[in-house]
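Chemist: Those sequence lines, one after another, are chains A and B.
Note that numbering that gives the first Met the number 0 numbers the first sequence so that position 78 is 77, with each residue one more than the last.
Note that numbering that gives the first Met the number 0 numbers the second sequence so that position 204 is 203, with each residue one more than the last.
A couple of the hints might just be wrong.
[Unchecked claim] Taking beta-carbon pairs under 8 angstroms as the criterion, some of the chain B residues facing chain A (in silico):
#1 THR105
#2 VAL184
#3 LEU264
#4 LEU267
#5 PRO271
#6 LYS275
[Stated by the list, open to error] Distance condition first, Cα-Cα at most 25 angstroms in a straight line; then the derived SDA-like pairs of lysine to any residue:
#7 A:LYS23 to B:LYS11
#8 B:LYS97 to A:LYS23
#9 B:LYS76 to B:PRO141
#10 A:LYS23 to A:ARG50
Keep in mind the hints are simulated off the structure, nothing from the lab.
Cβ atoms here follow ideal geometry from the backbone N, Cα and C, with glycine treated the same way.
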Amino acid sequence: MSMLSVKDLNVWFGGGRDRVDAVKSASFDVAEGDSFGIVGESGSGKSTILRAIVGLNPTWNGQIKVNGQPVPKRRPKSFYKTVQMVFQDPYASLHPRHSVDQVLGETLHLHGFSDIEARVVKLLDDVGLGRDFRFRYPHQLSGGQRQRVAIARALAPEPRILLLDEPTSALDVSVQAEILNLLTDLRAEHGLTYVMVSHDLSVVGHMCGRLAVMKDGEIVEIMDVAALRAMQAQHPYSQQLLAASV
Amino acid sequence: MTLLDVENLWVKFPTRQGVFDAVRGVSFTLGRERLGIVGESGSGKSMTGRAILRLISPPGMVSADQISLEGVDLMQKTEREMRDVRGQRISMVMQDPKFSLNPVMTVGAQIIEAFRLHNKASKSVAYAKALEMLEAVSIRNPERVMRAYPHEMSGGMGQRIMIAMMLIPNPEILIADEPTSALDVSVQRQVLDIIDTLVKDRGMGLIFISHDLNLVADFCDRVLIMYSGRIVEVCDADKLHDAKHPYTRGLLNSLPRLDAPRERLEVLKRDPEWAKAPSVSARL
């Protein structure tokens with residue numbers, strides 16, 4: 000059974016004359032432990048899909064199922080124990096006046112854990128930072144270290160699905176390699192399911208098993224990475240994207 | 000044929016912990032070619048570009064044995080004389096059009112201003128010239144764009160407008176600082192093609208600053224690789240993939256590749272020796 004299933008998802012902004020249909024009838028399934036990529040140019044609606052799944056975008060219809068359970072409009076607390084998200088810009092997604100300890104401690108507290116102390120240390124170890132970083136503030140960390148904190152925060156409630164919105168596009172290539180390796184290890188260790196949005200085909204090709212290509216709010220093609228590597232894209236837009244990336 | 004000759008360039012910033020050297024003894028020449036400068040963030044590549052135009056403001060300090068533009072040393076010029084160099088003879092395209100265009104002026108007014116600042120021309124001549132320039136950067140419907148404000152433009156359009164504005168005074172050298180990093184892959188190509196054609200047709204020199212190795216290898220003639228304020232390696236762009244320096248090799252190997260799948264990516268192991276070794280000269 001699929002861990003995450005999206006069927007006929009529509010997302011729109013505004014109303015009346017100014018209505019913009021950002022995502023039009025998108026459908027895909029992700030099996031447990033699998034990694035699914037979404038690629039497309041900016042404005043194609045790829046990030047909007049993730050934001051709709053996690054509840055940051057209230058105007059949507061269609062069906063989203065997590066682990067076989069339909070997701071209601073108002074998401075229960077248990078939903079966020081299963082699904083967590085990592086954002087694009089680690090400079091913007093951490094509170095500048097909260098230390099790493101506060102960021103992780105608060106998340107753990109909100110999710111009702113009692114052994115916060117031990118868990119903060121464990122989370123930092125998991126993302127390869129170590130306990131020295133516990134009482135630092137975001138401005139004392141590099142971009143890569145911040146993204147590790149953001150990943151630790153997402154892992155705090157012990158989710159089963161991680162939604163990754165361009166997790167490395169703000170980072171240098173050498174740091175990108177470290178974060179991608181970390182994500183690969185974490186998926187193997189915790190049996191996580193990933194949905195990863197990126198504009199970089201080679202990153203998605205490295206991380207994912209299957210991917211969807213989006214254009215103007217529609218999924219134009221879903222294919223295996225093997226097909227991508229063999230340059231066997233069917234839709235003319237995916238072919239164009241592939242040609243531009245090699 | 001040498002347009003620009005930079006010798007022993009240093010950029011320093013005083014901090015509470017002592018003087019920080021952002022650029023350390025960089026030397027290179029630029030002819031009528033496309034010269035790429037690559038490196039990670041903080042390697043000093045953008046600072047090098049800004050220092051050439053003397054755009055480092057105090058407390059930052061620039062020193063160099065010489066920065067000569069066709070034999071004339073820019074380091075000796077007064078601030079007033081520098082204004083005739085900036086835009087007119089050397090111009091610069093920045094990374095993000097959102098922050099480089101004036102939000103309360105129409106696109107047309109900005110391009111016309113750039114042209115009339117350096118050329119004595121009537122408004123109607125300047126208008127015609129601006130239209131022609133917008134057409135040269137493949138903007139469809141230039142009359143409409145002239146009347147539009149920057150926020151009404153997409154990122155790719157904004158960047159093309161920037162290029163039009165920078166090239167209208169017909170400079171000899173263009174410094175492009177990450178001109179396509181804020182753009183989509185598909186639009187990136189178009190913008191690069193435009194820069195390429197314009198640079199070739201006008202016989203200009205181009206300094207192309209980027210963090211993207213593959214892009215630079217593809218687009219430039221010669222590449223400087225910078226690490227912690229120094230040039231660690233110079234090579235021909237088409238031979239970048241045979242680069243020798245462990246830092247360059249490390250950067251190349253850390254890129255995921257569609258044609259060569261791997262379980263794990265190679266992680267760059269930094270050697271403190273790289274930062275200590277003297278800068279390699281790229282003067283011809």
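Chemist: Are the hints correct? Go through all of them and say.
Modeler: Checked hints:
The criterion of a C-beta within 8 angstroms of any C-beta in chain A is not met by THR105 of chain B, whose closest approach is roughly 24 angstroms, and the hint is violated. The interface hint given for VAL184 of chain B holds, since its Cβ lies 5 angstroms from the closest Cβ of chain A, which is under the 8 angstroms cut-off. For LEU264 of chain B, the interface hint holds, the least distance from its beta-carbon to any beta-carbon of chain A being 4 angstroms, beneath 8 angstroms. Checking LEU267 of chain B against chain A: minimum C-beta separation of about 4 angstroms stays under 8 angstroms; hint holds.
Annotation: interface hint on PRO271 of chain B violated; nearest CB of chain A at approximately 16 angstroms, more than 8 angstroms. A hinted interface residue such as LYS275 of chain B counts as satisfied when its beta carbon comes closer than 8 angstroms to some beta carbon of chain A; here the least separation is about 19 angstroms, so the hint is violated. With a C-alpha separation of about 53 angstroms, the suggested pairing of LYS23 of chain A with LYS11 of chain B is violated against the 25 angstroms cut-off. Simply put, LYS97 of chain B and LYS23 of chain A have alpha-carbon atoms about 29 angstroms apart, too far for the 25 angstroms limit, and the pair is violated.
This hinted pair does not check out: LYS76 of chain B and PRO141 of chain B have alpha carbons roughly 38 angstroms apart, beyond 25 angstroms. Of the pairs offered as hints, the one joining LYS23 of chain A and ARG50 of chain A holds, with about 15 angstroms between alpha carbons and a cut-off of 25 angstroms not exceeded.
When each numbered hint is compared with the structure, violations occur for hints 1, 5, 6, 7, 8, 9.
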